[in-house]
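Chemist: Got chain V; can you put chain S on it based on the hints?
Protein chains: 2
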Amino acid sequence: MEERTEIQDLGEFGLIDFLTRNIEIQNASTILGVGDDAAIIDHFGKQTVVSTDLLVEGVHFDLMYTPLKHLGYKSVAVNLSDIYAMNATPTQITMSLAFSNRFSLEALNEFYEGVYAACEKYGVDLVGGDTSNSLKGFIISVTAIGEVTPDTFVKRSTAQKGDLICVSGDLGGAFLGLTLLEREKKIFLESPDVKPDLENETYIIGRQLKPEARKDIVEFLEQENITPTAMMDISDGLSSDILHIAKQSNLGVILYEEKIPIAQESREAALKFGLDPTAAALSGGEDYELLFTMKQEDYDKIVLNEQISVVGYMTDISEGAHIITKGGNKFKLVAQGWNAFKQE
Amino acid sequence: MEERTEIQDLGEFGLIDFLTRNIEIQNASTILGVGDDAAIIDHFGKQTVVSTDLLVEGVHFDLMYTPLKHLGYKSVAVNLSDIYAMNATPTQITMSLAFSNRFSLEALNEFYEGVYAACEKYGVDLVGGDTSNSLKGFIISVTAIGEVTPDTFVKRSTAQKGDLICVSGDLGGAFLGLTLLEREKKIFLESPDVKPDLENETYIIGRQLKPEARKDIVEFLEQENITPTAMMDISDGLSSDILHIAKQSNLGVILYEEKIPIAQESREAALKFGLDPTAAALSGGEDYELLFTMKQEDYDKIVLNEQISVVGYMTDISEGAHIITKGGNKFKLVAQGWNAFKQE
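Quick note, the sequences are listed as chains V and S, same order. Last residue of the first sequence: 344 in the UniProt record's numbering, with the numbers rising by one and none dropped. Last residue of the second sequence: 344 in the UniProt record's numbering, with the numbers rising by one and none dropped.
Hints in this document: simulated from the structure, not taken from any laboratory. Wrong hints could be hidden among the right ones.
The list makes no distinction among identical chains, and a pair is therefore deemed to hold if it is satisfied within one copy or across any two copies.
Calculated cross-link-like contacts (lysine-lysine; reagent style DSSO-like; alpha-carbon spacing at most 27 Å) [what the hints assert, rightly or not]:
hint, residue 1, residue 2
1, 136, 69
2, 295, 259
3, 136, 186
4, 136, 185
5, 186, 332
Isolated chain V (complex conformation):
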């Protein structure tokens, strides 16, 4: 970027006008968008779904290796992922930002390009927000709003004994991408002359920097007339997240290591870093895939979908939560961290 426009030259209202100048409303439900005290949404005949995330520089993202456009896209996508995880359709977002004066208008504009790209991809309208100074760092708050046909939303607490456990896409890639980026950052800080070695790693880097929300899976389930018995998105890792469903549904879990979907690129990266690919999938987090349970009789409807893997089933709570390894051993599932395989 060559130009640098100071944000104070525009003022708060000028800034909002600039950042929202190209908004085109995509949803008939958006009655009133940006520019008043509040937005107005019309979900007649539907229930409204709301989710919110707060992202803090240095805690949730590192601008040293995160392009602002990707960050804008990801901030929206991960929040929409929560709406899809309710079996609902996102329709609007609000986006609030706080930033220090090291941010130029051009930098903010780049961030918003990513925001608008995600809005377009997922068909949602940006309808409000707030901008302010921060004393330090970039802070992003996103609220996503969606709609769902009455009482077809899917909670975490309603899985049944015997239900199949399914995940979309593949797991572990986002964590391995983060591992690579952190490694390259460390090398760069120690030896700024060394060129980062990111070739052949675009898959895992993309998984970390530009995750997608699984709109396609929710649409597929609807088309196939499958209502998951429980669902959530995988933000903390498969272990931690299936344990949420188990705990809230008062059930146990059996997972099969060999059934956990892991991309070839992720396996290779894990081996290169000396990490266990299964551990990355279980505990890595940030994949934003959907994790859901469904009745066994729906199995035939999903078996041909390569984007859905059955990884285990729900058991009685008395059986606890376990994973059966490829070698046939049974380990207790634990919520977090690299001690995922702790023998009972």
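Modeler: Below, chain S without anything else, positioned relative to chain V:
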């Protein structure tokens, strides 16, 4: 506070469980609240209203003189004020926080006491949120959701020529409270032994630290069958905010200085600080009173309500935006700052 419990001892999920343990749902529209990927709201037959605010320590509030309970209350109230300013009724909020490890569980609990007090006062449900670390400072993001009978919401852009300009309550107090608190902070930092002189100033301090949203005014207008032609809340000061309505409605403004409601306590404080009470009302901000325009024929319905003052009227855009002083002089209204009185 005697006790100090470290937040990391609970973990994120334990913390959320603790902070939300006493929630009682107040609205039939709250189908699903805290504890899943998203909340579900049912506004059948109504339109949904959404507003969001991001508050940053050191920019929007100073914890040196802001009790956490008041801050929690204010964070909710100022956001609800935006919903009322649409002529709507708030029903739910989400609340996200980021905080550094200098915050104990007891401190967060105090903040949430204020949040829940405001929720109870205004009859709204806390239905979601997010908590995380911050590298520095306390960050609060609130999204308020409300409902409105279809197409009865009131925008800023729909005032008509000849409409009366009304404000609720009184103005300038919040700014004068802030001025006092900043002055006492400065004295304290210079001479920690001097006891702060806050006696007899509870009114203006209360206006700054614990503002209320004007639910009563919106209810009164509905009861009297008055639909304002335009409305917003006064967060930046009467000058700046009436200029928003004028600009968006493509009109001019005449205000009368003598009609601007200023509490006796605010007048006395302004004189003590050597400030012009009218300037405090015009440019002070943060009063969170409602500013609305209405048809002249509705005047009889509001004349007996002591909480509503008519302060001027909307004119043709060619006449510009002016204030007539008590002395009969005409000054141009400017958006911000202490040069509010700049003679044409």
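Chemist: Evaluate each hint against the coordinates.
Modeler: Each hint tested on the structure:
1. 136 - 69: Both. Shortest intra-copy (20 Å) and inter-copy (25 Å) distances satisfy the 27 Å Cα cut-off.
2. 295 - 259: Classified as within: same-chain Cα gap 18 Å, cross-chain 69 Å, threshold 27 Å.
3. 136 - 186: both (22 Å within a copy, 23 Å between copies)
4. 136 - 185: For residue 136 and residue 185, the Cα distance is within 27 Å both inside one copy (21 Å) and across copies (23 Å).
5. 186 - 332: Cα proximity of residue 186 and residue 332: none, with 34 Å in one copy and 58 Å across.
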